[in-house]
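Undergrad: Chain by chain, the residues run as shown.
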Amino acid sequence: MTLVRFSAVALAAAFLAAPLMAQELRVQCYSDGNECEVTGDIAKRFEAANAGTKIIIDKVPYKAVVEQLPVQLAAGEGPDIARVTDLGGLNKYYLDLTPHLSAARAKAWADNFSSTLPWFRNGAADKGIYGLMSQLTVTGAYVNKTLFEQAKVPMPAAGASWDDWMAAADKVAKATKVPFAMAMDRSGHRFAPLAVAYGAKIFDANGTPVVDAGYQAAAKKFVDWHKAGLMPKEVWGGVGGSQYRDAFEEFANGRVVVYYSGSWQLKRMDTQVTKAFDWAVAPAPCGPAACTAMPGGAAFVGLKRTKQPALVAKFLDFLSEDGNYRELMAKTENIPASLSVAKAGVTYNVSAMAKAGLNAFVADVPKIAKANFDLQGYRLNRAVFLPTAQRLGQAVAGEMSTEDALKRLASDMDEQVKAASK
Amino acid sequence: MSVNHPGAVPRAQARRATPWWFLTPNLVIMGLFTFLPITINFYYAFTGGVALYPQDRPFVGLENLATLLDCGNHFDPSTCRRDLFWRAVWNTAKLSVFQVSLMVLFALITALVLNRKIIGRGFWRGVFFYPVLLSPVVVALVWKWILQREGLLNAAVAGLGGTPTLWLGEPGSAFFWVVFVSIWAHLGFYTLILLAGLQAIPADLYEAAQMDRASPWRTLSRITLPLLMPNLLVVMVLAAIRAVQTFDEVFVLTGGGPGSATTFIVQFIYQTGFQEQVRLYGLAAAGSLLLALALVALTLVQLRASRAAEAGERAR
Chain L
34 MTLVRFSAVA
44 LAAAFLAAPL
54 MAQELRVQCY
64 SDGNECEVTG
74 DIAKRFEAAN
84 AGTKIIIDKV
94 PYKAVVEQLP
104 VQLAAGEGPD
114 IARVTDLGGL
124 NKYYLDLTPH
134 LSAARAKAWA
144 DNFSSTLPWF
154 RNGAADKGIY
164 GLMSQLTVTG
174 AYVNKTLFEQ
184 AKVPMPAAGA
194 SWDDWMAAAD
204 KVAKATKVPF
214 AMAMDRSGHR
224 FAPLAVAYGA
234 KIFDANGTPV
244 VDAGYQAAAK
254 KFVDWHKAGL
264 MPKEVWGGVG
274 GSQYRDAFEE
284 FANGRVVVYY
294 SGSWQLKRMD
304 TQVTKAFDWA
314 VAPAPCGPAA
324 CTAMPGGAAF
334 VGLKRTKQPA
344 LVAKFLDFLS
354 EDGNYRELMA
364 KTENIPASLS
374 VAKAGVTYNV
384 SAMAKAGLNA
394 FVADVPKIAK
404 ANFDLQGYRL
414 NRAVFLPTAQ
424 RLGQAVAGEM
434 STEDALKRLA
444 SDMDEQVKAA
454 SK
Chain F
738 MSVNHPGAVP
748 RAQARRATPW
758 WFLTPNLVIM
768 GLFTFLPITI
778 NFYYAFTGGV
788 ALYPQDRPFV
798 GLENLATLLD
808 CGNHFDPSTC
818 RRDLFWRAVW
828 NTAKLSVFQV
838 SLMVLFALIT
848 ALVLNRKIIG
858 RGFWRGVFFY
868 PVLLSPVVVA
878 LVWKWILQRE
888 GLLNAAVAGL
898 GGTPTLWLGE
908 PGSAFFWVVF
918 VSIWAHLGFY
928 TLILLAGLQA
938 IPADLYEAAQ
948 MDRASPWRTL
958 SRITLPLLMP
968 NLLVVMVLAA
978 IRAVQTFDEV
988 FVLTGGGPGS
998 ATTFIVQFIY
1008 QTGFQEQVRL
1018 YGLAAAGSLL
1028 LALALVALTL
1038 VQLRASRAAE
1048 AGERAR
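Residue numbers (the working numbering), protein chains in the order written: chain L, 34 to 455; chain F, 738 to 1053.
Worth double-checking, as some hints may not be accurate.
Ranges of calculated distance between the beta carbons of each label pair, as one might list FRET restraints [said to hold, decoys possible]:
1. F:G809 x L:T179: 51 to 57 Å
2. F:P963 x L:D257: 57 to 63 Å
3. L:K337 x F:V1033: 40 to 46 Å
4. L:K96 x F:G857: 41 to 47 Å
5. F:L1032 x L:R338: 32 to 38 Å
6. F:T900 x L:T179: 52 to 58 Å
7. L:K337 x F:V864: 53 to 59 Å
Source of the hints: derived by calculation from the structure; they are not laboratory data.
Predicted model, so just to flag it, every value in this text is computed and none were measured.
Glycine included, C-beta positions come from ideal geometry on N, C-alpha and C.
Work out the full structure, taking the sequences as your base and the hints as a guide.
TA: Here you go:
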């Protein structure tokens, strides 16, 4: 009888303890390099410090985050935490971490991530804490220094314009028989700094995105560069729809002199290019209106659908602690979004070239134009980026004139914004 | 005289119910994964907004269809409100015409050759059928590696002293390669259908033709082709249906580019419903409704053609 009673008590205890023991969080993670692996390492420490918790990192392709996650979330499904790039667009699915953070930690978040927290929010009235930037990125131009040296062409100095860079890169390309002067990733995000440099304001007085004179001037210049054979047609013109295509391979294979991409490529540069030739990151090229880069990045966000909001907040807070965040930045070779970590500095175990590249990107951060910051924080920024890739791609492919492409671009953006507001 | 046994009626009823027991699992699966999505798609086509759940979507009547069909001149996509849809429609039509005619031609030639007593006939039949076994994504990736700027084809061209070409970078050549790869990948399937038809033609007809000293062309045009017509019709309609549904291979091979030169209807639907930030499910559903109408029309053509062929056979 004692044995039966003991068994019953043990069984009841096991049932009661089960929910406490089975605290499991699923983190959907895409990776540009080793972000998911490093997060997994830090998660192991979290598990050790919080007995009974299990953090499962589900590594997925970027396409899954962009195309499948929003549908999952709209259907009330999905992970507890996800690593996303559409920071403002998914706002309605985010879990506000604030109620689950102590006052001191909430203040630490507000102080350390003051520049990026608004990117997750739905307007100025929203004061929620929704996500942790796991990667703050800055766009910029990678230059094949070896080719410049071989061609004996001096590299344009800080303050040089897009035209200066294109002219110099063209000289180098001709002297070294490299097919193209410059390539840019096929992405509206990458095009934005060129547009703002040429005077694009991106938004009108009502805060609605517009294809203004600056945007048009930049688009014309961009398509003309392709027509002149200065840029490889296959990057923007070779793919259909609004699909992303990077031009890293073109640069790594020595087919372009200058490659406009961003800081997230540093790790690939260091591991795949450094041995082949010398490269450098140029200061943000200028236009008549600005010398600007485009901010961006990826973030871990808590999702409202989670059954364990407190644990989600606890894990994200753990990641945001200075020591862990510094480790995340150092091992993934990313620029910190946390002001306290940035101030204290991050020791990167990278080559001298990558270190110089990181410094160049960091130096561009204060120069980022307000329009680009606003665009990054705009909830519907992909309604600007995607049609830009689609329509300018069609113009580059010669399917329509630049004027027609710009008209279509304006109407696509307008339609998307109107549909979203319905 | 009939004798009523006790229990005879229930047994008859049970016998009548038996097929339904066997059919039920399939009916449930078909209902859940085919008919329910079709019904939901039909409903979505008449709703607007960006909400995912049907109950949250406002009814907009024919607005989505009107948006897609709104054109100054349907033959000129640039005059259409949804130019990309019409580009996709005309690309699909062009693909159907080229792909179907070339597919039928090459499948027929291949079947005729493989039906002859050639050395290693079994091996050659295997060679032609092998690509059919490959996943469309694998087919597209293999050909992408061959056709890209630093691909095998350009390496061969450079090796022969030629200038490497951007095979998938120009609208015309990208379209050509889409048709070529599709024919390469599916030729074996259609060849097999035609081969089966060729083997069903009685040999004594050819013997009689030989005795009458009929030329090979006369034999082909008066015996082979008329008797192969039912199979040719099936091949034509199946190839046309496949052309209209084209997506995976092309999406991986060209991504719909350059520009929109190889964007077909299914890709337009996918882009509208799943790739944009603001997902217009209603418009995508309306696009798929129009696609379904095209497929129904093609299927009716196939049914009518095969019935006509059967009637012709019976009359003979």
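Undergrad: Next, verify each hint and record whether it holds.
TA: Hints and how they fare:
1. F:G809 x L:T179: 51 to 57 Å: holds, 53 Å
2. F:P963 x L:D257: 57 to 63 Å: Distance hint for P963 of chain F, D257 of chain L holds at roughly 59 Å.
3. L:K337 x F:V1033: 40 to 46 Å: holds, 42 Å
4. L:K96 x F:G857: 41 to 47 Å: Holds, at about 43 Å.
5. F:L1032 x L:R338: 32 to 38 Å: holds, 37 Å
6. F:T900 x L:T179: 52 to 58 Å: violated, 26 Å
7. L:K337 x F:V864: 53 to 59 Å: holds, 56 Å
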